[in-house]
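Listed in order, the protein sequences are those of chains A and B. Under the working numbering, think of the first position of the first sequence as 52, with each following residue one higher. Under the working numbering, think of the first position of the second sequence as 2, with each following residue one higher.
Do not take every clue at face value.
Subject to a maximum C-alpha distance of 20 Å in a straight line, what follows is the list of computed EDC-like cross-link-like pairs (lysine to aspartate or glutamate) [what the hints assert, rightly or not]:
id	chain 1	residue 1	chain 2	residue 2
1	A	K68	A	E108
2	B	K69	B	D25
3	B	K108	A	D128
4	B	K55	B	D25
5	A	K95	B	E59
6	A	K68	A	D136
7	A	K95	B	D2
8	A	K95	B	D25
9	B	K39	B	E16
10	B	K72	B	E16
11	B	K72	B	E43
12	A	K89	B	D2
13	A	K89	B	E43
14	B	K108	A	D136
15	B	K69	B	E59
Treat the hints as calculated values from the structure; they're not laboratory data.
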Amino acid sequence: DAMVIQNPRYQVTQFGKPVTLSCSQTLNHNVMYWYQQKSSQAPKLLFHYYDKDFNNEADTPDNFQSRRPNTSFCFLDIRSPGLGDAAMYLCATSGGAGGPQYFGPGTRLLVL
Amino acid sequence: DQQVKQNSPSLSVQEGRISILNCDYTNSMFDYFLWYKKYPAEGPTFLISISSIKDKNEDGRFTVFLNKSAKHLSLHIVPSQPGDSAVYFCAASAGAGAGSYQLTFGKGTKLSVIP
Chain A
52 DAMVIQNPRY QVTQFGKPVT LSCSQTLNHN VMYWYQQKSS QAPKLLFHYY
102 DKDFNNEADT PDNFQSRRPN TSFCFLDIRS PGLGDAAMYL CATSGGAGGP
152 QYFGPGTRLL VL
Chain B
2 DQQVKQNSPS LSVQEGRISI LNCDYTNSMF DYFLWYKKYP AEGPTFLISI
52 SSIKDKNEDG RFTVFLNKSA KHLSLHIVPS QPGDSAVYFC AASAGAGAGS
102 YQLTFGKGTK LSVIP
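Looking at chain A on its own, in the form it has when it is part of the complex (with noise of 0.2 Å):
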């Protein structure tokens, strides 16, 4: 079945000390996307990829980079995750613009 796969689906980390989520597709969908949510909230969009053109949401922050290597593949970087950090993180895909996004089953980090 295609599908968005994520990993870990728990990560624990301390304060200050770099984390990386992975995340990767077998829909061969050209965008992807990074997501955070936090308990009770809505998700609330980081950066996504058009192939390998990235765009970064105004309001996020510089401790959160990505990189895509390839099609399949997109990872989020944390540099130094703080306490407020703490929360889901949604990956998903698209075929383009203006369509459905297909979301992973998501990464819950928490940081000590």
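Chain A is already provided as a structure; the job is to place chain B on it using the hints.
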């Protein structure tokens, strides 16, 4: 400023009855609307969408209605089943160009279908 609002945090419905989930939006540039369902510890699952050129879209038990003048959309689930119990998110995107990649989500409505 919340551009997509789901004013009911929760909704309980008896199995077999209709569930109606509501969503309001403020940005008149939004022209594509989606509903997602989310179970605990899983990512949102795409359910159904509607373009602003339509006022209704149906897929099996799920129907989405769009009232552009009121900036309101609703999701009807008929008949409701216990497996429909989940959090439902309304989302919207705007036109062509960069805005069309960004989905703006509501905070969700938790639906409980009681057997």
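What are the numbers of the hints that this structure violates, sorted from low to high?
Going through the list in order, the structure violates hints 1, 3, 5, 10 and 11 and respects the others.
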